[in-house]
Amino acid sequence: NAGVMQNPRHLVRRRGQEARLRCSPMKGHSHVYWYRQLPEEGLKFMVYLQKENIIDESGMPKERFSAEFPKEGPSILRIQQVVRGDSAAYFCASSPGRVDEQYFGPGTRLTVT
Amino acid sequence: GENVEQHPSTLSVQEGDSAVIKCTYSDSASNYFPWYKQELGKRPQLIIDIRSNVGEKKDQRIAVTLNKTAKHFSLHITETQPEDSAVYFCAASIRGNKLVFGAGTILRVKS
Chain A
15 NAGVMQNPRH
25 LVRRRGQEAR
35 LRCSPMKGHS
45 HVYWYRQLPE
55 EGLKFMVYLQ
65 KENIIDESGM
75 PKERFSAEFP
85 KEGPSILRIQ
95 QVVRGDSAAY
105 FCASSPGRVD
115 EQYFGPGTRL
125 TVT
Chain B
117 GENVEQHPST
127 LSVQEGDSAV
137 IKCTYSDSAS
147 NYFPWYKQEL
157 GKRPQLIIDI
167 RSNVGEKKDQ
177 RIAVTLNKTA
187 KHFSLHITET
197 QPEDSAVYFC
207 AASIRGNKLV
217 FGAGTILRVK
227 S
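Protein chains in written order, with my numbering: chain A, 15 to 127; chain B, 117 to 227.
By construction, these hints were calculated from the structure, which means they are not laboratory data. The structure presented is a predicted model; accordingly, all values stated were derived computationally and were not measured. Among the hints, erroneous ones may be present.
Here are the in silico distance ranges between beta carbons for each label pair [claimed, not checked]:
| id | chain 1 | residue 1 | chain 2 | residue 2 | range |
| --- | --- | --- | --- | --- | --- |
| 1 | A | E82 | B | Q197 | 38 to 44 Å |
| 2 | B | E172 | A | G30 | 49 to 55 Å |
| 3 | A | P22 | B | G132 | 38 to 44 Å |
| 4 | A | E82 | B | Q130 | 21 to 27 Å |
Taking lysine-lysine pairs in the DSSO-like style, the calculated list, with each CA pair at most 30 Å apart, reads [claimed, not checked]:
| id | chain 1 | residue 1 | chain 2 | residue 2 |
| --- | --- | --- | --- | --- |
| 5 | B | K187 | A | K58 |
| 6 | B | K226 | B | K173 |
| 7 | A | K41 | B | K138 |
| 8 | B | K138 | A | K65 |
| 9 | B | K158 | B | K138 |
| 10 | B | K184 | A | K76 |
| 11 | B | K158 | B | K173 |
All C-beta atoms, glycine included, are put in the ideal place defined by N, C-alpha and C.
This is chain A alone, in the form it adopts within the complex (with noise of 0.2 Å):
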């Protein structure tokens, strides 16, 4: 049983380019989580999503940012005109529930020069 997948692991951009983040979850998981973490920081909460809904977005910032998780394929999270203070590793994690195990991918480190 694979686990959490997540790529590309690391992607430079451009300040203004468009960064587009893929996750897919553990086989039999249908919950997502995104959580940024930057250097020496803990893990902040960014969005909660189940297939075609978006649960929770309480901790993504309004502009910019945005996430879905189709019927089909991984869970995208994409970041338009990017900044260099998006600079970080975007996790995603994904649990068999709510309130259950999350279990994470490896990460994508995101560098904006």
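Take the given structure of chain A and dock chain B to it, following the hints.
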């Protein structure tokens, strides 16, 4: 508000000694409390968790205790080994939807 406080921020212990990390949470409705271990450049790994209907849970050298009245929970690692060196994060469920994480504890086990 949604807040999880974690102490200490750094902890150095001698190999073989015990390590204790403490967290407090603010949402009285929280009912799930996991602990994660993160090595440098790696993903957070779930090492143990506890639900609100249980006061203590143990898995080999790792144990977690929960005091719902005081909104405290703690991680205990006994007989520490160098490979236990990592950053440890506690978390609490909020509104049944998401986890709010503590700021992390850097554990160094000196051999």
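Evaluation of the provided hints:
no. : hint                         : in the structure
1   : E82(A) x Q197(B): 38 to 44 Å : 43 Å, holds
2   : E172(B) x G30(A): 49 to 55 Å : 52 Å, holds
3   : P22(A) x G132(B): 38 to 44 Å : 42 Å, holds
4   : E82(A) x Q130(B): 21 to 27 Å : 49 Å, violated
5   : K187(B) x K58(A)             : 21 Å, holds
6   : K226(B) x K173(B)            : 26 Å, holds
7   : K41(A) x K138(B)             : 33 Å, violated
8   : K138(B) x K65(A)             : 35 Å, violated
9   : K158(B) x K138(B)            : 23 Å, holds
10  : K184(B) x K76(A)             : 34 Å, violated
11  : K158(B) x K173(B)            : 26 Å, holds
In terms of the numbered hints stated before, the structure departs from hints 4, 7, 8 and 10, listed from lowest to highest.
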